[in-house]
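The listed protein sequences derive, respectively, from chains A and B.
Heads up, the first sequence is in my numbering, so the first residue is 1 and it goes up one at a time.
Heads up, the second sequence is in my numbering, so the first residue is 114 and it goes up one at a time.
Source of the hints: derived by calculation from the structure; they are not laboratory data.
For each residue, glycine too, the CB sits at the ideal point set by N, CA and C.
Careful, some of the hints might be misleading.
Here are the computed distance ranges between Cβ atoms for each label pair [claimed, not checked]: (1) Leu10/A - Lys273/B: 47 to 57 Å; (2) Val171/B - Arg100/A: 33 to 43 Å; (3) Arg240/B - Gln106/A: 45 to 55 Å; (4) Glu85/A - Ala204/B: 23 to 33 Å; (5) Gln99/A - Ile217/B: 35 to 45 Å; (6) Asp7/A - Val252/B: 36 to 46 Å; (7) Ser102/A - Met114/B: 45 to 55 Å; (8) Ala168/B - Trp110/A: 35 to 45 Å.
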Amino acid sequence: MIDILMDKILTIGLEHFLILSGTLFFIGLFAVLAKKNVIAVLMGIEIMFSAVNINLVAFNRYTAAGTALTGHVFAIFVIALAAAEVAVGLALIISIYRQRTSTDVQDYDWLKW
Amino acid sequence: MAMAAMFYLIAFITLGSALMMVINKNIFHSALLMLVSFVGVAAVYILLHADFLAAVQVLVYAGAITVFIIFGIMFTMKGDPKKTNPFSKNAIPAAVLLLLFIVINAVTVVITVWPLSNLNPPETTVRAIADLMLSKYVVGFEVTAVLLLTAMVGAIVIVKGVKKSS
């Protein structure tokens, strides 16, 4: 029993990468939910993007190895989207900062009534 | 065995720096720890035999996105730097909930039976990625190019503001 468990822990497979990427994703989600500064929230979103990319590449490596690299292509598209997202997100933050002089998410309450 | 040692070292660095990024009270230090986490993810790609993606990860995430974020921090920072990145009031419920999610995710991954393939991964991936991207996924490639251009122009317009037409 303990031998099987040690073998599972020491031979790195798909499960290890999935648990790593899932944990990284939830750390990023924790930054999004628990931080006050809106730039910290954006940083959490970037961590979540890179965690998702690990997932795509790990599935491509372990379930479709040697056949196609669709997961890699998909990951490249996700990276391009992340770059576009951070540019627009920071532009919005700087534009709002000019009016509110604050980066606190609690102060971004125009739509609250 | 060597693979396992490398994996656990890289996983420890990646997850540890991501967690320190969330906990740190200084937003600039958070940005630097995010950079460490991105480089750790690039190392994970190398473990997965994705050489091109590792290079792209270092270029785009560790290079471009971190610089973007640091410029954003410089534009908006004021007051004491040690208090620029506080937790909001729902930090503790969020921590409990996400700890639960991490456990659920790990248990689900372990008990699921995955359809693994026994083939070896290719030595280099650049040529295969280029073939796929410019043949089967060429529409997505072009749409992504247009999207990047639109996002950059949109970001400039949002920051600069629009002149009133007289």
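How the hints compare with the structure:
Taking 47 to 57 Å as the suggested C-beta distance range, the pair Leu10/A and Lys273/B conforms, at roughly 56 Å. Taking the beta carbon of each, Val171/B and Arg100/A are about 35 Å apart, inside 33 to 43 Å as hinted. Checked against the given bound of 45 to 55 Å, the beta carbons of Arg240/B and Gln106/A, roughly 50 Å apart, stay inside it. At roughly 24 Å, the beta-carbon separation of Glu85/A and Ala204/B lies within the given 23 to 33 Å, and the hint holds.
A C-beta distance of roughly 41 Å is found between Gln99/A and Ile217/B, which places it inside the suggested range of 35 to 45 Å. For the pair Asp7/A and Val252/B, the supplied restraint of 36 to 46 Å holds, since their beta-carbon distance comes to about 45 Å. As the Cβ distance of Ser102/A to Met114/B is approximately 52 Å, the hint placing it in 45 to 55 Å holds. Look at Ala168/B against Trp110/A: about 42 Å separates their beta carbons, and that is inside 35 to 45 Å.
Hint check: no violations occur; every hint is consistent with the structure.
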